[in-house]
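Chemist: With chain A fixed as given, assemble chain B onto it according to the hints.
Taken in sequence, the protein lines are chains A and B.
The first sequence begins at 1 in the numbering used here and counts up one residue at a time.
The second sequence begins at 1 in the numbering used here and counts up one residue at a time.
If you're looking for bench data, these hints aren't it; they were derived computationally from the structure.
One should not assume that every hint holds.
Each pair of labels, with its calculated beta carbon distance range [what the hints assert, rightly or not]: (1) 281(B) x 192(A): 27 to 35 Å; (2) 37(A) x 35(B): 14 to 22 Å; (3) 211(A) x 299(B): 45 to 53 Å; (4) 120(B) x 233(A): 17 to 25 Å; (5) 74(A) x 35(B): 45 to 53 Å; (6) 35(B) x 315(A): 38 to 46 Å.
Quick reminder that beta carbons are idealized off the backbone N, C-alpha and C, glycines included.
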Amino acid sequence: MTVEAAFFEDLEITPDATTPRKGKRRFLFMRNAKALTGLVILGFFFLIAIIGPWIAPYDPNARSSAILQSPSWQHLMGTTHQGQDVMSQLILGTRSVLVVGFVAGTVATVIGVIVGVTAGYIGGFGDESLSALSNVFLVIPQLPLIIIIAGQLPSAGGLTVALVIAATGWAWGARVLRAQTLSLRKRDFVEAARANGESTWRIISAEILPNLTAIIAAGFVGTVGFAVLSQITLSFVGITPTNEWNWGTVLYWAQAQLALQRGAWWWFVPAGLLIALLGMALTLINFGIDEFVNPRLRSVGLNARSMRKRRIRPRIGFTPVVYEAKEDRA
Amino acid sequence: MSNSAVTTQRAFRANAAATDPVLEIKNLSVDYGYDDDPTHVLRQVSLTLNRGEVLGLAGESGCGKSTLAYAATRLLPPPGLITGGEVIFTDRSGQQTDILTLNDQQLRATRWQDLAIVFQGAMNSLNPVYRIGRQIADGISAHLPGVTKKEALERAAGMLELVGISADRLRDYPHQLSGGMRQRVMIAMALALDPQVLIMDEPTTALDVVMQRQIVEQIAELRERLGFSVIFITHDVSLLIEIADRIAIMYAGEIVEDASAQDMYRRPRHPYSDALLHSFPPLRGPRRELIGIPGSPPDMSNLPTGCPYRDRCAFAFDACAAITPELVAPAVEGDDPRRSVACLRHDPEAVAAAGFEPQPVPVELSVR
Chain A
1 MTVEAAFFED LEITPDATTP RKGKRRFLFM RNAKALTGLV ILGFFFLIAI IGPWIAPYDP
61 NARSSAILQS PSWQHLMGTT HQGQDVMSQL ILGTRSVLVV GFVAGTVATV IGVIVGVTAG
121 YIGGFGDESL SALSNVFLVI PQLPLIIIIA GQLPSAGGLT VALVIAATGW AWGARVLRAQ
181 TLSLRKRDFV EAARANGEST WRIISAEILP NLTAIIAAGF VGTVGFAVLS QITLSFVGIT
241 PTNEWNWGTV LYWAQAQLAL QRGAWWWFVP AGLLIALLGM ALTLINFGID EFVNPRLRSV
301 GLNARSMRKR RIRPRIGFTP VVYEAKEDRA
Chain B
1 MSNSAVTTQR AFRANAAATD PVLEIKNLSV DYGYDDDPTH VLRQVSLTLN RGEVLGLAGE
61 SGCGKSTLAY AATRLLPPPG LITGGEVIFT DRSGQQTDIL TLNDQQLRAT RWQDLAIVFQ
121 GAMNSLNPVY RIGRQIADGI SAHLPGVTKK EALERAAGML ELVGISADRL RDYPHQLSGG
181 MRQRVMIAMA LALDPQVLIM DEPTTALDVV MQRQIVEQIA ELRERLGFSV IFITHDVSLL
241 IEIADRIAIM YAGEIVEDAS AQDMYRRPRH PYSDALLHSF PPLRGPRREL IGIPGSPPDM
301 SNLPTGCPYR DRCAFAFDAC AAITPELVAP AVEGDDPRRS VACLRHDPEA VAAAGFEPQP
361 VPVELSVR
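Pulled out of the complex, with its shape left as it was, chain B reads as follows:
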């Protein structure tokens, strides 16, 4: 293994879990609109979440990050429509269920119990007229009918302690808590039934950086202790590199690169990932000029053929307008074979098969 030198402790942990998927999204397609001309927001996206792993989902606004997470949990509001694919959930005993085929009742039972979500701007999700303890306990007693009210409240107190809020705040109303504490109450609520998958949709966007750090550390610590998997959605790539084991970059409704966090940070293979990583300043290392990404994402209702990124890409060539790139292993010697990238520079076979001249991988995208 030539990449052993770059395997950090975190990457190692991710690799160890790589054989045990807990949530497999296969060829998921999503449309917005019920008319005969819907917008295809996701086009056959596949993504695997392994047990105990923190998977970061990053990309610009409107690239489909939240849509992917909500579609996988069937939480997309109208006029969202799942038009195909599978979402296989594997529970701890190894039993597999396709979330897309569940009926309402099964879906309700699965939610919170198996999969829990912390929403974007979750701190406004608390009902201002009920005490927070009761709101946590409500969910517990809804899913576990045998639990008495007292037990549920005790459990709620335990959950609050877990996220670093003292148990005597149980009788507080939401307005008595700060924004960060409310966010942590939401996390406590999500974890109350010991779910196996936790989806966090920009849970820290409304908070200041100190609070962000606290919450991110809390999640990392809780993950160690409770062993759930996390899908962490954000457009803050630097935050992801801190917290995630693996990062998937999305662009225009497709995953363009999927690699371990360290690989993504040090050795991006897709031009978009590379550009994204160069759009925020690093804390250490030499000073360099920040480069933004020229242009703006394509209109999803009128996508061009070929690679959706090619108009903004510095490495586009003639084949990019004709062939839609698929996720393949990068064409760089010694790369982790598990990582994948959707770029024609890395896929000479597809380029040659379509009758174009394959182009070499540019230096910028083959850093070792």
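Isolated chain A (complex conformation):
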């Protein structure tokens, strides 16, 4: 027996050098091309929002004699009817757009998660009343409500607008989360946790919430987009103070001063492009989250480029065939 034991020790498998590389695994999300593009664009906007006051070439309110100039080296994006620099207005307006977007997105998501998951998990009367509440908020026409609330408040500045948008925009997320929680609640692993005596708080936070990550993240990104658009709309229709700069204010002045009729395209096109670019960045991040959080899609999302090169299209029921294996057997 001892001979045999010694013999088997010789056969011990030595793990070779190809154990998973730690450093490479840490930034998996960043390796997703879509997510990376979205994050880079968003990062650019954040940078502008932070350093805007220092890099803006002019005071956005300062009037000058260069009235309604088309883009030139002095004014890269032209000037307004009062000779204000459009680019400075856009740069200084970025901060307000992002602050409102992310504050509103965060607050709305938090409300949505609390209401939705609670309603889905507790069931019964609590579920009925919370569902009724979110249904009410779902059917209220949002923009008129925001306009009315914002109009009633003494100052409709950035944070106020953000909170008003959050207060009206959480219901959709709550609805989706409630439905998903209802289905998760009956799964065996949740029932097992309950049978084990885990506290309700722990079941919700450790068993249910991780399964909702994708929906919460997607809902957050969607709400940020909605908040940005709402704020710009509010500014565009003139609800918020017109001397607080954001992209919507620029559009408000452009519209009020007949920029389109005067052919002053530089006044509204850059603002529109920035809004589209921000929306695109948020959508790309959303795609990235989706591919990353779903473990089945993760491999696909991470290797999208090499898969295109190898002509692999992953589908259920039609396994792709590539001839790459080394033929060393008869």
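Modeler: This is chain B only, laid out in the frame that chain A set:
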């Protein structure tokens, strides 16, 4: 022929068909994962299914049985990827097609018509809101556009009768049938278009033994009548010995032994087959102590060199760590020349060629 004495009626039938392959899997390789470090689950596996034969595929969980069957039919879900090989299907007129080169449309036409599958846990595959007759008829009319709805339903009724369910259950919903009946509905569905190959992936795992027996007998009888070939996947080796003509044992993504059912049962040549056969109690014969297989299967993403079974093998020797065994005819006098085994004890040439001392075949693996 010195093995004529051991040729049972069943083995004889298998031998008679041996020259007529219907499905040939050649050097099939499968990876899981699309990144630069995929897991090689199948490494150039070759297997031949002959016409009218029941081929059993056995092995531990995770050894690649289902992967092999699904890869051969291109049903592997993502992130599965076929990286090489051929799957040659020969239809009744002798025309050959490589399933791996078919486009989507051809593949769709081939499925069900030529190759049909009964899935693992098939009884949950029925849609609860449609009557079973309609679900069978759906497939018939999808593949045979000329058939009217009425004809398709009549055919569905015929199929139900075939699997021992009376035709008036055609208008039942799935929840009105028992588990075994639902399983038989799935078998009826698979056979509805008279396929030439039927792949059954653990069709009886969720059923009790009585139901298992009924279904296995049903398949055997239908095979006699309709003449299709079956690949029967299970980890229940005793069941396989009952139903299969030929058995292939898989281990760590490779076929380690391929022999007729009786040969496999009475005269296993690979140490793993031998151990597998000793891990369940025989119904007849003297009482003996059950021996499990020590250890657990190797990690497929980090396979050792040489024979993947050597860490658990009682007959491993120094060459096993260096040489990967290939399927060869066993080195036992008088064995059926068609059977093959992947063990270095049976392959002294390969051992000698690599500069090791060949070891004799142990007594346990050379039972006559």
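Chemist: None of the hints should be skipped; say for each whether it holds.
Modeler: Consistency of the hints with the structure:
no. : hint                        : verdict
1   : 281(B) x 192(A): 27 to 35 Å : holds, 34 Å
2   : 37(A) x 35(B): 14 to 22 Å   : holds, 20 Å
3   : 211(A) x 299(B): 45 to 53 Å : violated, 28 Å
4   : 120(B) x 233(A): 17 to 25 Å : violated, 54 Å
5   : 74(A) x 35(B): 45 to 53 Å   : holds, 52 Å
6   : 35(B) x 315(A): 38 to 46 Å  : violated, 18 Å
Of the numbered hints given earlier, the model fails hints 3, 4 and 6; all others are met.
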